[in-house]
Each structure stands twice: as structure tokens, then as C-alpha cells.
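Participant: Top line first, the protein sequences correspond to chains A and B.
For what it's worth, the working numbering labels the leading residue of the first sequence as 1, then goes sequentially.
For what it's worth, the working numbering labels the leading residue of the second sequence as 1001, then goes sequentially.
Note that these hints are calculated values from the structure, not bench results.
The beta-carbon is built from N, C-alpha and C at its ideal position, and this holds for glycine as well.
Among the hints, a few may not be true.
[Claimed, not checked] Partner residues aside, some chain B positions facing chain A, computed with beta carbon under 8 angstroms:
| no. | residue |
| --- | --- |
| 1 | Gly-1019 |
| 2 | Cys-1035 |
| 3 | Phe-1047 |
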Amino acid sequence: MGENSAGKNGFLDKLSRTQVAKAIFRTGIPRDRRQRMMIMLNNVFLHLHPVRLPKHAVRVKYTWCMGGLSFFVFLVLTVTGILLMFYYRPTVEYAYGDIMDLKEQVPLGIMREIHRWSAHLMVITVWLHMFRVFMTGSYKPPREFNWAVGVVLLVLTMLMSFTGYLLPWDQLAIWAITVGSNMAGATPMVGTSGPGSSLLALGDVNFITSSSDARFAMIGGRFIGEAALLRFYVLHCIGLPFIIMIFMIIHFWRIRKDGGISGPT
Amino acid sequence: MARDAGKIYALSTVCTHLGCTPNWLESDNKFKCPCHGSGFYKTGINFEGPAPRPLERFKITLDDDGEIVVDKTRKFQQEKGEWRDPESYITV
Ligand code: HEM
Ligand code: FES
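Use the sequences and the hints to build the structure in full.
Facilitator: Okay, structure coming up:
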């Protein structure tokens, strides 16, 4: 082990020169600009962020860090959500009781509170992020497509919120989703109580009935019951997170491809 | 089930706004929906909140033993003039 003229010879330096450390991190403890850059480029997580940033990009006053916070809260939701899945069972028989147990009995049941508060928070941060993007004019070319991707992310965030709302299976949940899904029943053309639904008919046979319309597809029945609970659970835990992650990848990739974060003009 | 002006009729307690369950409030003499506050008179007529039309009534008849029979598959809507249908109430 040779002397390192530039640095100390502490434990960390020794560690960074072991074969294991080199195999994983490639670059040792960074000592100059080039090495610092290499660290960013050689790490899959760090390379999400650009090596160089304009100064204004890290000013909290410019971004409010709302996009970053949205992503952070999303990660918190993912971790706490997975822990909740170990406990919560999405059936009419168990759902409400499991939530009550999480609140009162289960060790680390606080995950449920963290998950719920974070869910509310994410809706707020995503809206604020959209507001700041609008106020800084960052939706203008060449970033107009990323704005559109953002709109998809907003809708997906709201859908996550909506599907999660049913899972505690309490009165608030059931009636909120009754109301929400009845709105789907008023969709033009494809909802039974919506305008134009009677147009989709062949003679006397109506294609859009209360058991074949948009509302039925959403809740798997004509009222909020077992099928709705299962459907919302699967969408909330698997379907929507999967789609939202794909769109986040596109969103982050596009920030870089659109020339990095916008600047004040 | 409600009785008013010599008629007994069966009101559906599905709110005509977005489907919650309005409750009868004795002190206010009205049905009140907990979701967005629609109010209905004893007759089912809407008078406050977002509900766009009166509660629906079910088919109601007396059977041979004089018992009241409610058929929830037949609905009568006030705005279509169906409350005049003799099957939508029984007289007392
Ligand atoms: C799941 C929700 C979202 C996440 C996690 C997210 C994340 C991010 C992050 C981390 C940035 C970097 C700059 C910053 O932190 O402000 C960003 C930029 C941007 N976001 Fe989002 N975002 C989301 C939703 C949205 C929505 C709803 C819109 C608008 C409809 C949007 C439009 C944009 C645009 C146009 C940029 C580029 C801004 C610039 O260059 O200054 N995003 N997003
Ligand atoms: S559902 Fe009754 S007032 Fe909205």
C-alpha cells in the first residue's frame, strides 16, 4: 500500500483502496474535480443529477424544490406502503379491522399514519410544483412535452390518492368512493346516467347499462363492495405505482434532454 | 316510508346528487345528505344543496292481508310526473 501524497492515510482511504471498494465504486475518495465528476457518472443513482448545475438551479427560491420533494415523498410512500402490505388484507371482512389494529396494536403501525400524511403531502407538493413551473414559465419550448408528462403525473398522483382512499373501508372511504364513482357514471356516452348513453344502442338493446358502463368497469359491480375493494387495492399497490414510475423516468430524463433545468430570463 | 297528506309512499334513500344516504332529521323535519348537504322535504322534494331532482319513490301496494308491499325494482320520478301514478302511493 503506497503513500498517498494528496490525502491522509486514514481508515477510509485504506478502505477505498481495497479490491471490493474499487470493484463497486471504481473511483476512490474524490480529490479533484475530475474525480468528483467520475463519481457522479459511475453511479446509477447519482447520475440522475447533472454533474454541473447553474447556480440558480439550487436556489430554493427558484424551484421551491417541489419536484424533488414530490419525488422524496413518493419514495417515503413506497417504503411505508410496502410495510403496510405485510399487514393489511383487502377484504370486506378484514380491511377495516386491520387498519384499526395498525392504529392501535401493531408495532410500527405508525407506518399507516406516515403513509396517510405523506399521501396528503404529495398531492400538495405536486400541485405546488406545477404552480412554480407555471410561474417560472418553464413549460415553454423546449419543455412543453415535459409539461404534458407532468400533467399525466398529476392525474396519476390523484388516482393513487383516490384508490388509496377506499382501502381503510370506513364510512368516509365508502361514501367518498360512492360519490367519486357515481361521477364516472355520469361520463358522456359511456356512463349510464351521462348524456348520450342511450345513443349507444342497437334497436331496443342498450349497450350502456348500470352493469356495463364506465362506473361498473371502475368498481367491478353496481355498488362499492368486495370487488371494488380488491380492484382499488391492486391498482393502488401495483398498477398505478408501476405506471407512475415509468412516467417519472421519462420526466427526469426529459429534464436533462431539454437542456437541464430552465433559467431565469 | 313516509306518510303525508293522506298518502303513504316509499322513498328511495339514494341521494339524487351522487348517491350517498340522506338521513331523516326529526328536529329539522327534513332528509339531509351527509356528503354535500342536499336537503329534501318529507315528500322527497329537494330544496337545498346540490341534488338536482327529488328522491325517487318505489312501487307500493297493499296485499290481500292488508300488508304493505314495496317493490324496489319499480321507480317513480317526480320530474317525469310519475308520482301521479297510483302505484307510487297508497291512500289512507
Ligand atoms: C409525480 C409528480 C412529479 C414529480 C415527482 C416531479 C419531479 C420533478 C423534478 C424533480 C423536477 C426538477 C426541478 C424541480 O425540482 O422543480 C421537475 C421539473 C419539471 N416538472 Fe415535474 N414532477 C412532477 C409533476 C409535474 C407536473 C404536475 C408538472 C406540470 C404539469 C410538471 C412539469 C415539470 C416541468 C415542465 C419541469 C422542468 C422545469 C424546469 O426546467 O424548470 N411536473 N419535476
Ligand atoms: S351525494 Fe348527497 S349531497 Fe352529494
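Participant: Hint by hint, note whether the structure agrees.
Facilitator: Now the hints, each set against the structure:
Satisfaction of the interface hint for Gly-1019 of chain B is found here, the shortest Cβ-Cβ separation to chain A being roughly 4 angstroms, below the 8 angstroms cut-off. A least Cβ separation of about 6 angstroms between Cys-1035 of chain B and chain A falls short of the 8 angstroms threshold, and the interface hint therefore holds. At a threshold of 8 angstroms, the smallest CB-CB gap from Phe-1047 of chain B to chain A is about 20 angstroms, leaving the interface hint violated.
Checked against the numbered hints above, the structure violates only hint 3.
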